[in-house]
Amino acid sequence: MSLTLPQYTPEDAGQPPSLALDYRSTVLRAPQHAPIAIPETLTEVTGPAGCWDRLMGSAMADLTTQHKAPPQGQRIVVSGRVLDEQGRPVPNTVMEVWQANAAGRYIHSKDNWDAPLDPNFTGAGRVVTDEQGRYSYVTIRPGAYPWGNHTNAWRPAHIHLSLLGPAFSTRLVTQLYFPDDPLIEIDPIANAVPMPYRQRMVCRFDIHSTVPNWALGYLFDVVLRGDKATPMEDGHDH
Amino acid sequence: MTTDTIDPLGTVNPAPRLDNQDPAIFGQTPSQTVGPFFHYGLPWKGGADLVGQSDMGARADLFPEDHYVLNLSSPRGTPQGEVIELFGTVYDAKGDIVADAMIELWQANAAGRYLAEADDRADVAIDPEFVGWGRSSTTVDGEYRFRTILPGRVPGPGNSLQAPHLAISVFGRGIIKRLSMRAYFAGSEGLDSDPVLETVPADRRDTLIAQPAGPGQWRLDIRLSGPGETVFFAV
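As you go down the protein sequences, you meet chains A and B in turn.
Counted the way my numbering counts, the first sequence spans residues 1 to 238.
Counted the way my numbering counts, the second sequence spans residues 239 to 473.
Worth double-checking, as some hints may not be accurate.
Listed next, the in silico EDC-like pairs over lysine to aspartate or glutamate satisfying Cα-Cα at most 16 Å (straight line) [to be verified]:
(1) A:Lys68 - B:Asp304
(2) A:Lys68 - B:Glu303
(3) B:Lys283 - B:Glu303
(4) B:Lys332 - B:Glu320
(5) A:Lys228 - A:Asp53
(6) A:Lys110 - B:Asp293
(7) A:Lys228 - A:Asp114
(8) B:Lys332 - B:Asp459
(9) A:Lys228 - A:Glu11
(10) B:Lys283 - A:Asp53
(11) B:Lys283 - B:Asp304
(12) B:Lys332 - B:Glu467
(13) B:Lys283 - B:Asp299
(14) A:Lys228 - A:Glu85
(15) A:Lys110 - B:Asp299
Think of the hints as simulated: they come from the structure by calculation, not from any bench.
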């Protein structure tokens, strides 16, 4: 066999545990057994990144033009890069985004928060990285909202992100938080990630990508697992 | 890293918080839950049908129809191989169904080849009609369902050959980190010598082996936690 397989680093210290007692829903849903380490095979080092458009259809990088009129709220442009741990760009990677509206409400029948729905905002989109791993999408800044986790629980404003990455083992779902949001420090979901790694999920306001008279700019890079620095001990056939 | 500063009057000024753009904390972006409201942003109609063009995969009942912006997947021809349905129910530690989970599937084609750059074997044929990736929400009854092709055997470490399998990711409310697992098929070739299944204690292997449930139908329930807990992998 002449296969040369890429090999991916394991999780680093910034990855949260499955069980975070303060985030109540994890208690019945986190596995009680530790995950079993398996050899990386073709299954784990391949993925559908090159075929996302055949699977899902088109990119939808502007969430503010999906309906008859512009949505309520503050228009923002979020841009950045998708990189691996060595700082190399990850091109042609689809990033899916979904979020609440400016009032903090999702267009979802199970969201019973008493804030207005916006008929001009769905809050779903997807964008693809270019050859330099860059992406950019337009949306409105989401609002914070209460949730039932504990007394006076509020989620900080956030945008959900989903990235396919180059391999099954680099699949990532995460959340983007906004700077200077006091709710981050008391949010059990964000806090499942220890400091300072939690700050890897906080974007930066950026005047250079802010568009005059139109939208505030925020920068956010997503870093996926990269190549292993040392070869695996057991014998993949190189 | 930046540090706190003390001004001439003795006031401590806390260091500015690090953010995503600070080189001092560059590294893997942490995983977070998809939350309960992913249905209008991730699963799309047809996302769980890797063979045809049915609506399988999405739950359009959970949001207004005019806010459904996700497209059907692009039309494709008919992939080669045996069409199968894989389905099952997702349970939590108490045995309650999980109606807000999302399952993803990644697999080789009927000849055992992945449609991906890293699989560059010239001697195994690509099926241009088969990508091998899908996504399914669980229903109100906690059930996921995929329509796909029975995969061929794929090489493992050294000169080993893996038994036919699907790689599966489990996401959901309360699941901070994607759970990774596999589905194998009862009675299939190579099951007794599969190099990945061999890493699993013998008494837990059946949590990864789908059982026949009718012609072309296979059932594999997923137990996130507790009695009969599914084996999850660190990949």
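Quick rundown of the hints versus the structure:
For the proposed pair A:Lys68 and B:Asp304, the alpha carbon gap of about 11 Å is at most 16 Å, so the pair holds. A threshold of 16 Å between alpha carbons decides the hint, and for A:Lys68 with B:Glu303 the separation of about 15 Å falls inside it, so the pair holds. Between B:Lys283 and B:Glu303, the direct Cα distance comes to roughly 12 Å. Compliance with the 16 Å bound is thereby established for this hinted pair. Of the supplied pair hints, the one linking B:Lys332 and B:Glu320 is violated, its CA atoms being roughly 36 Å apart against a limit of 16 Å.
Distance check on the hinted pair: A:Lys228 and A:Asp53 sit about 29 Å apart at the alpha-carbon level, beyond 16 Å; violated. With a C-alpha separation of about 21 Å, the suggested pair A:Lys110 and B:Asp293 falls outside the 16 Å cut-off, and the hint is violated. For the proposed pair A:Lys228 and A:Asp114, the alpha carbon gap of about 48 Å is over 16 Å, so the pair is violated. Straight-line distance between C-alpha atoms of B:Lys332 and B:Asp459 comes to about 14 Å, which keeps the hinted pair within the 16 Å bound.
Of the pairs offered as hints, the one joining A:Lys228 and A:Glu11 holds, with about 11 Å between alpha carbons and a cut-off of 16 Å not exceeded. For the suggested pair B:Lys283 and A:Asp53, the alpha carbons sit about 14 Å apart, so the restraint of at most 16 Å is met. A distance of roughly 14 Å separates the Cα atoms of B:Lys283 and B:Asp304; the hinted pair therefore holds under the 16 Å criterion. The hinted pair formed by B:Lys332 and B:Glu467 meets the criterion: a straight-line CA distance of about 11 Å does not exceed 16 Å.
Simply put, B:Lys283 and B:Asp299 have alpha-carbon atoms about 12 Å apart, close enough for the 16 Å limit, and the pair holds. Restraint check: the Cα-Cα separation between A:Lys228 and A:Glu85 comes to about 10 Å, which is no more than 16 Å; the hinted pair holds. Taking the CA atoms of A:Lys110 and B:Asp299, the gap is near 10 Å; set against the 16 Å cutoff, the hint holds.
Taken one by one, the earlier hints fail for this structure at numbers 4, 5, 6 and 7, listed in ascending order.
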